[in-house]
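Visitor: If you want the building blocks of each chain, they are given just below.
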Amino acid sequence: MPARNQEQWEKKPDLKLGEWVDSRIYSDEEIFEDELRNIWKKAWIPLMHESELPEPFDFRTAIIAREPVIVVRGPDNKIRAFLNVCPHRGMAVDRRPAGSFLTGEPSGNAKHMTCMFHGWQFDMNGNCVEIPRENAGYQGRVTKEGQGLRRLRCETKYGGIVWVCLDDKVDCDVEGWTGGCLDCIKDSLDEEPLEIFHYHKAIIDCNYKLWHDTNSEFYHDYMHYHNRITGFDDGYFARKCAAFDNGHVNVGTFTVNYGEYEVADDRGDLTFPHLPPNNWYMVDMFPGVNINLRGSAVRMDLMTPLSANKVMIEFRGLGLKSDTQETRERRIHHHNTIWGPFGRNLHEDLVGIAGQGVTMMPNSEPRRILQGRHEGLYIHDEVGMRHFYETWGKWMDRLPSDPSKKYEPGLVVGPEMPPAKGISSFPGKVAAE
Amino acid sequence: MSTNGTEMVKDAIYQACLNLDEKKWDDWLNQCDDKFQYSVTAFSPEIGKDMKYLGLNHNELKEYFGLLPKHNTDHSPLRRHATVYSVDVDDNGKTAEAVTSFLITQEMFDGVNAPLDTGENHLFVVGKYHDKFNIDNGQAVFTKREARIHTRRLDKGSHWVF
Chain A
20 MPARNQEQWE
30 KKPDLKLGEW
40 VDSRIYSDEE
50 IFEDELRNIW
60 KKAWIPLMHE
70 SELPEPFDFR
80 TAIIAREPVI
90 VVRGPDNKIR
100 AFLNVCPHRG
110 MAVDRRPAGS
120 FLTGEPSGNA
130 KHMTCMFHGW
140 QFDMNGNCVE
150 IPRENAGYQG
160 RVTKEGQGLR
170 RLRCETKYGG
180 IVWVCLDDKV
190 DCDVEGWTGG
200 CLDCIKDSLD
210 EEPLEIFHYH
220 KAIIDCNYKL
230 WHDTNSEFYH
240 DYMHYHNRIT
250 GFDDGYFARK
260 CAAFDNGHVN
270 VGTFTVNYGE
280 YEVADDRGDL
290 TFPHLPPNNW
300 YMVDMFPGVN
310 INLRGSAVRM
320 DLMTPLSANK
330 VMIEFRGLGL
340 KSDTQETRER
350 RIHHHNTIWG
360 PFGRNLHEDL
370 VGIAGQGVTM
380 MPNSEPRRIL
390 QGRHEGLYIH
400 DEVGMRHFYE
410 TWGKWMDRLP
420 SDPSKKYEPG
430 LVVGPEMPPA
440 KGISSFPGKV
450 AAE
Chain B
472 MSTNGTEMVK
482 DAIYQACLNL
492 DEKKWDDWLN
502 QCDDKFQYSV
512 TAFSPEIGKD
522 MKYLGLNHNE
532 LKEYFGLLPK
542 HNTDHSPLRR
552 HATVYSVDVD
562 DNGKTAEAVT
572 SFLITQEMFD
582 GVNAPLDTGE
592 NHLFVVGKYH
602 DKFNIDNGQA
612 VFTKREARIH
622 TRRLDKGSHW
632 VF
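These protein sequence lines are chains A and B, in that order. Going left to right, the first sequence walks through residues 20 to 452 as this note's numbering numbers them. Going left to right, the second sequence walks through residues 472 to 633 as this note's numbering numbers them.
I should point out that these hints are in silico values taken from the structure, not numbers from a laboratory. Bear in mind the structure is a predicted one, so any value in this text is a computation, not a measurement. Certain hints may be false.
Listed next, the in silico SDA-like pairs over lysine to any residue satisfying Cα-Cα at most 25 Å (straight line) [said to hold, decoys possible]: (1) B/Lys520 x A/Pro94; (2) B/Lys615 x B/Glu568; (3) B/Lys599 x A/Lys31; (4) A/Lys340 x B/Ser515; (5) A/Lys97 x B/Pro516; (6) A/Lys220 x B/Met579; (7) B/Lys520 x A/Pro75; (8) A/Lys130 x A/Arg172; (9) A/Lys220 x B/Ser510; (10) B/Lys520 x A/Thr346; (11) B/Lys494 x A/Tyr244; (12) B/Lys481 x B/Lys603; (13) A/Lys31 x A/Glu48; (14) A/Lys176 x A/His137; (15) A/Lys424 x A/Pro32; (16) A/Lys340 x A/Ser207; (17) B/Lys520 x A/Ser341; (18) B/Lys506 x A/Arg349; (19) B/Lys523 x A/Pro212; (20) A/Lys188 x A/Ala84; (21) A/Lys340 x A/Asp284; (22) B/Lys494 x B/Glu531; (23) B/Lys481 x B/Ser572; (24) B/Lys533 x B/Ile606; (25) B/Lys541 x B/Ser515; (26) B/Lys523 x A/Arg347.
Same shape as in the complex, but just chain B (with noise of 0.2 Å):
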């Protein structure tokens, strides 16, 4: 385990990767502060506005996660490639920001024709990951992330958070 800040947070931020892939998601929440916002947003060029695509806080998303298993959904499993691109430790070493670029493939299952394009991946999102961070007991937990992508071109969308 890290001892230092900006590791901590660098720990949380791939650990959070690792868990979202493997749609762990009540690993992911116990990342996560009692009090963690989470939204999806994005600018579109289109109509010229900041928009948000999904907007969820700690008890909504842990609502939101129960019930998957009673909607019909793509299964083809997401996975980030991320960069930690910068880390902002407050000065007391409380608090933290960072920022990650991700991209998220999706691995073709059953969502369009499966006998044809089971085991293609491709580009699904890009964004970038604007997170903040309580650091308390040697942990960074996560309070906010605002997943900001640049895509607006989503075709079926999905269930699964990023």
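Bound conformation, chain A alone (with noise of 0.2 Å):
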């Protein structure tokens, strides 16, 4: 077809409802807006990894939906969440990324997060222990055991992530809010406990759902010529998509040949337990998150939306506690050279996503963005955005494909398919249909 005029670049595509989402669900900042209080308010978010910290009174602060957290690891060994706002004046009880309170601060003692500001004290399970002056300033209408933090409903649970949820009233523990997506790789994550070896972050001018986006669907590996290279054949197109309660999906394993790019080793001694050699699960959890166990390694990503058009991704790599010095070496040159910051794949995925934020910047003229590829579920099938604008839609109540109307039933997301409840496609043994 010749390039199109405005009359023919503007029609709607000649596709189903479900089949494309208006691009001002990546850009318009109301709807950005909507989606912090109805979505990532009450989503289990996957904030970080226990082992980031490993000892009592370790901490490490984090941000959903601009509200600030802290996590606490008590002298009882749990886990536990608060938001890290002090109830005196709303400073930020501790301002540092991560830490220990077993060393006081200027203004407080050892085992308790002070709030610098006034010295307000809290225990590690967010009581308030300490309020300087008390009786002489509030005379008995404030007092300490009025003015605990504000805890968060928090679970440890998948191999060791933190799950943290800002909304009380959401009906689901982090379990229920799976909806099974994880069963695929559950026993390699808790076979034995985990350890992170890799963190950083990259701050994009771009909409978080264009990362979920990537990260959802595998036809976009023609911009890897690594997995072009390693992938791509029959095993790789028999992966098949499964769509799960909440929006999430996940993605049947394959065999990857390492081998075939040079500077890649082969993997399969170090595989991950209870997964076959060089096998490769991922899983795109709804709203923003990512966890990818590719053979030897986890790679966690989270999604943290700063604006209708700025998204902070962090990433985080994996592997068994149990390591030798050599063996967790090999694990994160595996890891890094495709999945870190100067490896093959991560760097070409985020200018892919960086161009589409360009397009797609605030008050850009609305675009119709395609998911319509229907390849019976297998590698290349769109079904993982469809399914995620699906729920989106429903927790939003608005049209993906028209964001300015209301959530209508009978988006087309996919054929009816049984949730995976385990592996789902070994490599090669699900033939294509």
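Quick one: dock chain against chain with the hints and give me the complex.
Guide: Quick look at the structure:
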């Protein structure tokens, strides 16, 4: 077809509802605020890994939907989460990214969280244990007993991932939230303790969903020379996508031919427990999480939406805590040659979404973004995105293809499929339809 | 050419900066011993760990550079501003170690929004080179480089080594 004129360009695609979205969902500030309120504040967010706070009194800070969060490990070894907000004047209780409360701060004592501003102190359960000159100032009107931190629902589950939910009224726990999407890698994650070995972050001028889309569709493997050369065989095209409640998706496994890429080495001997050698599962969790078990290492991406067109993505790499130094070095090498900040694939993916961010800046012309590939749920089927946006539409009560309208049922997702409760497709064992 | 070991080391480091600035990968590798080990490392206060972001030997680097044309990449040039802080030549003058502070700037080209930001320079990475050398035939040859960086917000990252 020749290049289109304006009318042709602006015409709705000849596809069914659900097979495209309007780019305003990636750029509109009002929609973004609705997302924070309706989605991010009601979802279980896998904020970090427990090995980031390995000792009692260790802590780590984070953000969910602009709300500051502090996660602490108590003397009882239990991990708890609180709003990182002092109930007195709203100062962040602790300003560091991580640390230990075993050492006292200039304004407070060891083993306490201390707000430096006026010296209010809290124990690892969030109880307020010190208000300087409490009686002199408040005469019993404000007491420690009534000034605890805001505790948040927090669970440590699936290989030591720390999950936090801002909304007390959400009617499911983490297991219920996952809806079975992690069952395919649960045994691999839970067989023995994991440990973080990699962290870096990217702040990209684009909407968070564009990163989630990239993680959810594999059609973009054409962008990656590494993936074309190590995959793109019968096993690769036999990988199937499976959809789960709450907008989650996972992608079945296959055997990656690492030896086909000059710098890569076979990682079969270091493949995670319960996984066939060199196999690879990917789980995309609503609204912005990716857990990727690729042979010898786990990668976990967490998106933190900062504005309609700005996202922070934190990248974590995990190995087995029992690793010898030599084993760990190999895992790190495997992880970073592909997924590190100077690795082959991650850079290409991020250049891709940065380019999308340019065409979808706030108030730019609405465009139709296609997600209409149907390939029997196999690897290049865009069912992952369609499932995400069907859930997104329900939670937002907006139609993804016209977000000024209310959600309506009947969006095309894909053929009915049973959720995968275990390994859904061993390499090459699923015949192409 | 310098005859003094310290000056040879400084010459090698600054020449490496010029080669890397110009993406003369082979010229840089020619400055390195066959057993050269390269790494990019960082300490993360976020997770309380030393990390290795990249670790490659001489052959792997050569393969890595050879594959660059097959990969999509951000072609925004990286340029180094380096200052050699210390050079320690061993007593027999055969080996040396050096610490060099560096800032790497990125001249925007095609990484984000070319019509808007082409020509803009911004700080990309801050760190120190910890280099080791053999000194032979009036030349300092790299045997090891650890680019220890202080930047962990790396945004799109890069396919190009430091």
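Visitor: Could you run down the list of hints and mark each one as holding or not?
Guide: Tested hints:
1. B/Lys520 x A/Pro94: holds, 22 Å
2. B/Lys615 x B/Glu568: holds, 9 Å
3. B/Lys599 x A/Lys31: Violated. B/Lys599 to A/Lys31 sits at ~54 Å, over the 25 Å cutoff.
4. A/Lys340 x B/Ser515: holds, 18 Å
5. A/Lys97 x B/Pro516: The hint holds at about 22 Å.
6. A/Lys220 x B/Met579: Given pair A/Lys220, B/Met579 holds - Cα atoms ~20 Å apart, limit 25 Å.
7. B/Lys520 x A/Pro75: holds, 17 Å
8. A/Lys130 x A/Arg172: holds, 22 Å
9. A/Lys220 x B/Ser510: Judged against 25 Å, a Cα distance of about 19 Å means the pair holds.
10. B/Lys520 x A/Thr346: holds, 17 Å
11. B/Lys494 x A/Tyr244: The given pair, whose Cα atoms are some 21 Å apart, holds under the 25 Å limit.
12. B/Lys481 x B/Lys603: Holds. B/Lys481 to B/Lys603 sits at ~12 Å (cutoff 25 Å).
13. A/Lys31 x A/Glu48: holds, 23 Å
14. A/Lys176 x A/His137: Violated, because 36 Å separates the two Cα atoms, which is more than 25 Å.
15. A/Lys424 x A/Pro32: Judged against 25 Å, a Cα distance of about 17 Å means the pair holds.
16. A/Lys340 x A/Ser207: holds, 13 Å
17. B/Lys520 x A/Ser341: holds, 16 Å
18. B/Lys506 x A/Arg349: holds, 19 Å
19. B/Lys523 x A/Pro212: Status holds; Cα separation ~21 Å.
20. A/Lys188 x A/Ala84: Within the cut-off at roughly 17 Å; holds.
21. A/Lys340 x A/Asp284: holds, 22 Å
22. B/Lys494 x B/Glu531: holds, 17 Å
23. B/Lys481 x B/Ser572: Holds - the C-alpha atoms of B/Ser572 and B/Lys481 are around 12 Å apart, at most 25 Å.
24. B/Lys533 x B/Ile606: With Cα atoms ~22 Å apart, B/Lys533 and B/Ile606 stay inside 25 Å; holds.
25. B/Lys541 x B/Ser515: violated, 32 Å
26. B/Lys523 x A/Arg347: Cα-Cα ~11 Å, so holds.
Hints 3, 14, 25 from the earlier list are contradicted by this structure; the remaining hints agree with it.
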